[in-house]
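S.K.: Given next are the chains, with one letter for each unit.
There are 2 protein chains.
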Amino acid sequence: MAGEPMFPRIALIGLGLIGSSIAWAAKRGGLVGHVAGSARSAETLAKAVELGFCDSVHDDPAEAVAGADLVILCVPVGAMENIAKSIAPALKPGAIVSDVGSVKQAVIAAVAPHLPAGVEFIPAHPIAGTEHSGPESGFAELFEGKWFILTPIPGASEAATAKLRAFLEAMGANVDEMTPEHHDLVLAVTSHAPHLIAYTMVGVADHMRRVTSTEVIKYSAAGFRDFTRIAASDPTMWRDVFLNNKDATLEILGRFTEELFALQKAIRAGDGDTLFDYFTHTRAIRRGIIEAGQDTAAPDFGRRPSKPGE
Amino acid sequence: MAGEPMFPRIALIGLGLIGSSIAWAAKRGGLVGHVAGSARSAETLAKAVELGFCDSVHDDPAEAVAGADLVILCVPVGAMENIAKSIAPALKPGAIVSDVGSVKQAVIAAVAPHLPAGVEFIPAHPIAGTEHSGPESGFAELFEGKWFILTPIPGASEAATAKLRAFLEAMGANVDEMTPEHHDLVLAVTSHAPHLIAYTMVGVADHMRRVTSTEVIKYSAAGFRDFTRIAASDPTMWRDVFLNNKDATLEILGRFTEELFALQKAIRAGDGDTLFDYFTHTRAIRRGIIEAGQDTAAPDFGRRPSKPGE
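Sequence order for the protein chains is A and B.
Once you know that position 218 of the first sequence is 218 in this note's numbering, the rest is easy, because the numbers rise by one and skip nothing.
Once you know that position 16 of the second sequence is 16 in this note's numbering, the rest is easy, because the numbers rise by one and skip nothing.
Just so you know, these hints were derived from the structure itself, not from any lab.
One thing to keep in mind: the hints can contain errors.
Said to hold, decoys possible - To spell it out: a stretch of chain A is covered by chain B in this simulated footprint if at least three of its residues, at any positions, have a beta carbon under 8 Å from a beta carbon of chain B; those stretches are:
| id | segment |
| --- | --- |
| 1 | 30–39 |
| 2 | 219–226 |
| 3 | 232–240 |
For every residue, glycine included, the Cβ atom is placed at its ideal position computed from N, Cα and C.
Let's have the full structure, built from the sequences with the hints guiding it.
M.R.: Next comes the structure, spelled out in structure tokens:
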């Protein structure tokens, strides 16, 4: 591509949906020279080579980061601390280290203390993903038009932050900055609580003995199947999210339970006005999301064909 | 089209998403001769004429059903009783009357007592829809590959049931039969409880003062936006569903709350194994739905482009 790459060498530690998508997006844009990848399983490393999104693969994350100008940790939140310890001695002075963890305070606490001076740590989180996981699930367009949140820590280098921001923008992402604390609260609302709720509802359906699993599957189009998509997300990643964003998630779930009880009370009391007003209001929020370009206005996510003649 | 239509004249009472989709599907298949439509608002009637899915429109539902061989009530559950009373004197002897209400016991109780002898009432419910509503939201393909559940009442005519079934199958639907009681329990699991939960979570997000609505919208791709799609459904329809399937919905919500509390306890206690096992199990249910052809396997409902080269 045109001119010098932004980073001559990057290392991706973890080659699942996010790691492999970063590799594809960076290669497509000519943003990087060499992409070194590391993953725990030999199968994942072999898949990365087969699919061609890494130029070198390494069992040992320390080997992958040697000489890298940018290192991105793309492992579940619970694995961040051990990875940070392993790679610390091998990091190149001046290297930028980032991560893609869905929780920021816990990742900062797990990673920052282990990194040597002279390395710039800039925590990040892409608000992008699908319910699929693994090295074959990534694609270059994953970040296009989606948000990447940076949560810089006190004393972070402005130059390094700007450089990382430019890289993410070149992958098609919109970049935003906020404090780690605020990030964890916002994501508890837009992601962590909804995921736990979806997992729970799918679990309830599965446990209902008077309704067969065939029926749950056959009639899932009535709304339930949207929950199952969310509840099909990677179990390891989500276990770690909940264990590491405990306070904010429990706070939101507490509020959720209070409101659910209020609506249940309205149902029990036959209070149609309360229900109607509540549902009218939530409909308006959907419109805001579509207007902001964060979802498709197509009915049912575009699953359906449109009307003849349109 | 080929030969005689199945029904020379049908009447659709209510011309929203479902009513207009039935009209489009019936016309596309040459299943009907004349389509008479009735709706409460003059605007809806004008739209039906403009879009061309009704051959005649009528303010008065009794006028619409006069001479009709098949009458389908496509109004919110709470409006069924008054419609049944209005049309009863005008129904043609031998006519089949059906409905598309999301609740069956309450609709049967509201409609059956008012219908004259010699008319065949066959309650039905299509498991198909989108979050859009109104006469412009319908399309002929809505029922293709989706389930239509019949809940025949004691003494229902087998011939009339078979005739309605053939009509629905000709629109592309799969037809199933179950008791009204079982229907209401199954739908509480796959539809009613998930909708109330989605409405609640969207409401909670909206009420969080420490998280701005801009943030909720910007970062909705993290999971929340799937909830907003469900919570964008028609408020009148859903108010009536909850008021009319109170017992089953409250039972499922009770179970949901119990499981949610168990998972919250696991989060609080740092019990990662419980969370991991739960999430692994729910992932398998998603696979069942895709294998049964009830949803797309495309990542994120196919919102995303696929990987280059695929």
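S.K.: So, against the hints stated earlier in the document, which numbers end up violated here?
M.R.: 1
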